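Chains as they are written, first to last, in the working numbering: chain A, 1 to 374; chain B, 1001 to 1289.
Honestly, the hints are just simulated from the structure, not real lab data.
There may be inaccurate statements among the hints.
What the hints assert, rightly or not - Simulated crosslink set (SDA-like; lysine to any residue; CA at most 25 Å straight-line):
id, chain 1, residue 1, chain 2, residue 2
1, A, Lys128, B, Pro1183
2, B, Lys1096, A, Leu72
3, B, Lys1096, A, Arg110
4, A, Lys128, B, Ser1185
5, B, Lys1181, A, Gln140
6, B, Lys1096, A, Val69
7, A, Lys128, A, Gln175
8, A, Lys141, B, Glu1188
9, A, Lys169, A, His312
10, B, Lys1181, A, Val69
11, A, Lys286, A, Thr221
12, A, Lys141, B, Ile1058
13, B, Lys1126, B, Lys1096
14, A, Lys141, B, Leu1202
15, B, Lys1096, A, Tyr56
16, A, Lys128, B, Pro1207
17, A, Lys155, B, Gln1063
18, A, Lys141, A, Gly218
19, B, Lys1181, A, Ser108
20, A, Lys155, B, Lys1073
21, A, Lys128, A, Arg110
22, B, Lys1181, A, Glu55
23, B, Lys1096, A, Gly17
24, A, Lys141, B, Arg1040
25, B, Lys1181, A, Glu135
26, A, Lys141, B, Phe1201
27, B, Lys1057, B, Arg1040
28, B, Lys1073, B, Ile1058
29, B, Lys1181, A, Gln96
30, B, Lys1096, A, Gln84
A quick note: this is a predicted structure, and the numbers were derived from the prediction, not measured.
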Amino acid sequence: MAAILEIQNVTKTFRGGVRAVDDVTLAVEEGEFLTILGPSGCGKTTTLRMVGGFEYPDAGRIVLDGRDVTDLPPYRRPVNMMFQDFALFPHLTVAQNIGYGLSIAGMSRREAAREVEDALRTIELLDKADRRPAELSIGQKQRVALARALIRRPKILLLDEPMSALDAKLRESMQVELKRLHDQIGLTFMMVTHDQTEALVMSDRIVVMDVGRIVQAGTPTELYDRPGTPYVANFLGTSNMVAGTVTEAADGTARVSCGAADISVALQGAAPAVGARVTLSIRPEKVVLGGGSDLPGGFNSLSGQLRDVFFHGDSVRLAIDIGAERLLNVHRQLETGLQQMPLPPVGGTVSLGFDPASVILFTGPGDASADDAE
Amino acid sequence: MRYARRRRLEFAALVSAPVIWWVVVLLVPYIIMLMISFYRTQFPFHVPDFQIANYLKIFAESQYVTILLRSLKISIFVSIVTFALAYPLTYFLVFKVRSPRVRTIIYVATIVPLWVSYLLRVYTWKIVLGTEGILNTFLIWVGVVNEPIEVLIYNQFAMVITMAYIFTPFMVMPIYATLEKIPRSLIEGSKDLGVGSIGTFLRITLPLSVPGILVGFTFTFCFSFGDFISPRLVGGPYSNMISNVISTQFGQAMDWPFGSALSMIMLFIVLAVITASDRFERAGRLDLG
């Protein structure tokens, strides 16, 4: 596949010396749904805005469809952006908003009117054509913004936190809608978000950024199952970060002593040195309850003390103390009610286990206490 | 019950002072003026009556119509010149000056002349434009002219310049307020859709700043329409405005009924302008949220 967009060694420093984007290189494939994910201030929005032409990089090039657009103003770039606040023109009607960019595109009035009508029909707002944006619901506003960004048939659609103005319910349905739209029209989508669920649900590929740099890029499953750093492991989903010391390392497996527990890990990369201090990442949903013969062969088998039970309706989260100040969060989907679950009272002993292959080992003590990034 | 009554008393106590003030210094004088405008003049006295000769006189004698039209013309010119100066300045301040501190300094520097006496500011222009004034001295020193130019002062041009200077803050303030409220994403959105800087200005920024422009125009128009100091100090012989005539009626001419009638006409014109601009503003009021 050909790259439609190449961001080459781009750096952007703002007044006051804040380096928002630091030597970022990224290629976007034609037709893919790429998401830049990161906390606020990580440089993701600045990167997107440089593609749109709203910021100019201090160094590096931006090549769009084989053409260097680094120094072009936004109105000369064949990309369109859907803004976080939708940026609908309040003094124009819905139809005028959607058709705003067409008059410039050298299209006849009648042709433009037909295009706008088609777009209005697609977003099912034909009856609202002569309304002002202020009269629309937030979901309708978003559809208008989307139609307006697509009507010029951009080479890439840029989406700046498109769901942040929506409530949880609407957000979920819009995620599905946007994803479906992407698959339908085959256009390249480049989205920026701080919401990991959004990134996981919608993207073909996720780029995780932190303090102006790309930390890791890959498909959602790659990033979730094989995070390259503790930062990624914590940002995408939640992880139990358990500190320990390597006691054995051979034949693609390592044994790590974590306080009272001994955990074996199926190694992905190079074997760590024996005696090295490491951090293990264990996903809460990968842990199963039960011990001994209940567990599949080869599983780590631990026991701990139940500290807390957090009921989430469809699922339950247990905090289990596995000794030496190491707390494991365990996530269980509730097929039946919470009452039917064989749980000891809080303070009782529980057995648990997990696959060595689901454990990620990071060398270095890491930041085991790192909070879940939002 | 007692609580409700106390609340009512408190409310009455709170609003009575402003209401009394408003009635005594605004409403009553307007009513008196309206009454006097129907009186008859028997020089040097006016006697109560109810007749409209004073109003007829305004439109019957061409000199008053001329002065009314002149006042309208001058006020419109002042508004246009003020707008032409204030809008680019304000646009520059809001969109081009990046540093908030520099922006505040320039803004305050624009507004601060309001703290200086009005009379003094008109006098400044007398000093600038006069035959022995700063501008003439400068022109002679540079060698552009050999003798002082006399067309600079004591004409309608000088009046328009002076009033435009004085009323600039009243144009800048409302335009500043509207421009500042325009979300930057709208301007970026327009450019994103392929429209260049000039097109974006004409199709987005300018229409969205119309409410501020209307308020600025209303301010400058009404202020210059009622001005009688600039005509006197820098206006020269052919620049009497309606307010000058009114002040003469209450002074040397001792014709209060006629002065009142002129004042009522002036009040009517100003109220009409304010109402019209308010209508436009309401019609165009938009939710920028």
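A quick look at each hint next to the structure:
1. Lys128(A) / Pro1183(B): At roughly 24 Å apart (the allowed maximum being 25 Å), Pro1183(B) and Lys128(A) satisfy the hint.
2. Lys1096(B) / Leu72(A): Given that 25 Å is the threshold and the Cα spacing comes to 19 Å, the pair holds.
3. Lys1096(B) / Arg110(A): violated, 38 Å
4. Lys128(A) / Ser1185(B): holds, 23 Å
5. Lys1181(B) / Gln140(A): Between Lys1181(B) and Gln140(A) the Cα gap is close to 24 Å, so the pair holds against 25 Å.
6. Lys1096(B) / Val69(A): holds, 24 Å
7. Lys128(A) / Gln175(A): holds, 23 Å
8. Lys141(A) / Glu1188(B): holds, 17 Å
9. Lys169(A) / His312(A): OK: Lys169(A) and His312(A) at ~17 Å, within 25 Å.
10. Lys1181(B) / Val69(A): violated, 31 Å
11. Lys286(A) / Thr221(A): With a Cα-Cα distance of about 14 Å, the restraint between Lys286(A) and Thr221(A) holds, given a limit of 25 Å.
12. Lys141(A) / Ile1058(B): violated, 57 Å
13. Lys1126(B) / Lys1096(B): violated, 34 Å
14. Lys141(A) / Leu1202(B): Between Lys141(A) and Leu1202(B) the Cα gap is close to 24 Å, so the pair holds against 25 Å.
15. Lys1096(B) / Tyr56(A): Given that 25 Å is the threshold and the Cα spacing comes to 17 Å, the pair holds.
16. Lys128(A) / Pro1207(B): holds, 22 Å
17. Lys155(A) / Gln1063(B): violated, 69 Å
18. Lys141(A) / Gly218(A): Violated - the C-alpha atoms of Gly218(A) and Lys141(A) are around 32 Å apart, more than 25 Å.
19. Lys1181(B) / Ser108(A): violated, 34 Å
20. Lys155(A) / Lys1073(B): violated, 55 Å
21. Lys128(A) / Arg110(A): holds, 19 Å
22. Lys1181(B) / Glu55(A): holds, 21 Å
23. Lys1096(B) / Gly17(A): holds, 20 Å
24. Lys141(A) / Arg1040(B): With a Cα-Cα distance of about 65 Å, the restraint between Lys141(A) and Arg1040(B) is violated, given a limit of 25 Å.
25. Lys1181(B) / Glu135(A): holds, 20 Å
26. Lys141(A) / Phe1201(B): holds, 23 Å
27. Lys1057(B) / Arg1040(B): holds, 12 Å
28. Lys1073(B) / Ile1058(B): Holds, at roughly 18 Å.
29. Lys1181(B) / Gln96(A): Holds: Lys1181(B) and Gln96(A) sit about 22 Å apart, inside 25 Å.
30. Lys1096(B) / Gln84(A): Holds, because 23 Å separates the two Cα atoms, which is no more than 25 Å.
Of the hints listed earlier, those the structure fails to meet are numbers 3, 10, 12, 13, 17, 18, 19, 20, 24, in rising order.
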